[in-house]
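Top line first, the protein sequences correspond to chains A and B. Take 494 as the starting number for the first sequence in this note's numbering and just add one per residue. Take 122 as the starting number for the second sequence in this note's numbering and just add one per residue.
Derived by calculation from the structure, the hints in this document are not laboratory data. Hints may be right or wrong, so weigh each one.
Computed footprint of chain B on chain A; a stretch qualifies when at least three of its residues, placed anywhere within it, have a C-beta under 8 Å from a C-beta of chain B [said to hold, decoys possible]: (1) 575 to 586; (2) 634 to 644; (3) 647 to 655; (4) 724 to 737.
For each label pair, taking beta carbons as the anchor points, the in silico distance ranges come out as [what the hints assert, rightly or not]: (5) A/F731 with B/E179: 45 to 53 Å; (6) A/E859 with B/R191: 51 to 59 Å; (7) B/K171 with A/L656: 32 to 40 Å.
Far from chain A, some chain B residues (derived; all Cβ distances over 12 Å) [said to hold, decoys possible]: (8) D127; (9) V147; (10) Q161.
Treat the numbers as computed from the prediction; the structure is a model and nothing was measured. All C-beta atoms in this analysis are idealised placements derived from N, C-alpha and C, irrespective of residue type, glycine included.
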Amino acid sequence: MSKRKDYFATLAGIIVVGLVIGGLAAMLQRIGNPANMGVCVACFTRDIAGALGLHRAGIVQYLRPEIPAFCLGSFLAAMVFREFRPRNGSAPVIRFFLGMFAMIGALIFLGCPWRAMLRLAGGDWNAILGIVGLIVGISIGVGFLRGGFNLGRSYRSRTVAGLAMPAVMLVLLVLAFLYPQFGEEGKAALFRSAKGPGAASAAVVVSTIAGLVIGFLAQRTRFCTVGGIRDVILMRDFHLLSGVAAFLVAAFVMNLVFGQFHAGFTRGVKDAGEILQQPAAHTTHWLNLAGMLLAGLSFTLAGGCPGRQIFLAGEGDGDAAVFVLGMLTGAAVAHNFMMVAAQPTAPYIVVIGLALVMIIGFMGRERLAPAR
Amino acid sequence: MPEKVDARGLSCPQPVIMTRTALEKVGRGEVSVVVDTMTQVHNCTRAAEKLGWQASYEEQEDVFILTFKR
Numbered sequence: 494m495s496k497r498k499d500y501f502a503t504l505a506g507i508i509v510v511g512l513v514i515g516g517l518a519a520m521l522q523r524i525g526n527p528a529n530m531g532v533c534v535a536c537f538t539r540d541i542a543g544a545l546g547l548h549r550a551g552i553v554q555y556l557r558p559e560i561p562a563f564c565l566g567s568f569l570a571a572m573v574f575r576e577f578r579p580r581n582g583s584a585p586v587i588r589f590f591l592g593m594f595a596m597i598g599a600l601i602f603l604g605c606p607w608r609a610m611l612r613l614a615g616g617d618w619n620a621i622l623g624i625v626g627l628i629v630g631i632s633i634g635v636g637f638l639r640g641g642f643n644l645g646r647s648y649r650s651r652t653v654a655g656l657a658m659p660a661v662m663l664v665l666l667v668l669a670f671l672y673p674q675f676g677e678e679g680k681a682a683l684f685r686s687a688k689g690p691g692a693a694s695a696a697v698v699v700s701t702i703a704g705l706v707i708g709f710l711a712q713r714t715r716f717c718t719v720g721g722i723r724d725v726i727l728m729r730d731f732h733l734l735s736g737v738a739a740f741l742v743a744a745f746v747m748n749l750v751f752g753q754f755h756a757g758f759t760r761g762v763k764d765a766g767e768i769l770q771q772p773a774a775h776t777t778h779w780l781n782l783a784g785m786l787l788a789g790l791s792f793t794l795a796g797g798c799p800g801r802q803i804f805l806a807g808e809g810d811g812d813a814a815v816f817v818l819g820m821l822t823g824a825a826v827a828h829n830f831m832m833v834a835a836q837p838t839a840p841y842i843v844v845i846g847l848a849l850v851m852i853i854g855f856m857g858r859e860r861l862a863p864a865r
Numbered sequence: 122m123p124e125k126v127d128a129r130g131l132s133c134p135q136p137v138i139m140t141r142t143a144l145e146k147v148g149r150g151e152v153s154v155v156v157d158t159m160t161q162v163h164n165c166t167r168a169a170e171k172l173g174w175q176a177s178y179e180e181q182e183d184v185f186i187l188t189f190k191r
């Protein structure tokens, strides 16, 4: 094992990488990405779903280059360090559903665990509810894991199976650069928001480079927000959480430097008495908590946060790739059926989703067959 | 005979849970764990060292064989 490889596995390694990712996130906000959304795996995957025409929410449609760049950065790291390992496993439909419900829950809160940290780092106190929900959801997931929950083993697969997801991501990245119109603008893909968060973006080249760097470093260190909280609950191991803490600190400090820190549950009241919300946020506290609870539980049962699933897909993990496709579908369903934020269907789906994911948790506690 | 754990193909945190369970069951002696990604080599090593075990590993074709001693 080389010295350099060792460094990424050390505590110092994951802290440095957490600082870099947090700093890059704040920087991306500064140069165009939406406020408190420098990198958000849930939001950006949702924006991609919109760009492809999978949902019709006009303000969140943009083919974000960060997501494919995450996957390809991880793919590059896996190739360079000989960790690319095509593998596929079991329970694909369950993984797909977990991806869907994780995304639906995250979009009720309006952000993945990464964005929960970025919102907190930007002074959006609604994030506290989300993070509490996330911790509760992960705790329930840990209970299932302790009780023997698992989705079964994965097995070595053909190279082409491992290359499938990175190849799809490469196509998405090329499309992000070219942004072709496949028909009349606004009626055929690719779609692109004219206003709202989907219209806010850093330059494609910068987003791509930042995404590649993040993907590369995260693959090396196994950076994972959900894993960070899970490992502390499960075995008092603070390794991964140290990276998450560094991510939060770096984003907070950079936000202060850039004047991007605005504390409060809202940003005050406009002249007409209208409440000014925090960027891409709502103040229905129980939904912020419950949405992230659903997401946290789903991510834990699936083995990691949305970012980690994308990085794993880059390493050739077909199970993670199925989860990512579930997230993409979940984003489309969430917007098409008015389940996002505090929209009318959100309270119902969060309860239904929790019930279904709990059933998956109970039914997945089976004895493991020996590897074949 | 050292205690053997087969954690191949399992995702986080299953290999670590299985390793810890085996180490706690054995208490002292030698435990062998088979995993198939470098991630799990690092994770299991970290968990075992925290419990006071010495860890080493060797790569064999498609898998890594971890040996824990105390």
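Cross-check of the supplied hints:
no., hint, in the structure
1, 575 to 586, "holds (count 4)"
2, 634 to 644, "holds (count 4)"
3, 647 to 655, "holds (count 3)"
4, 724 to 737, "holds (count 5)"
5, A/F731 with B/E179: 45 to 53 Å, "29 Å, violated"
6, A/E859 with B/R191: 51 to 59 Å, "31 Å, violated"
7, B/K171 with A/L656: 32 to 40 Å, "37 Å, holds"
8, D127, "5 Å, violated"
9, V147, "17 Å, holds"
10, Q161, "10 Å, violated"
Of the hints listed earlier, those the structure fails to meet are numbers 5, 6, 8 and 10, in rising order.
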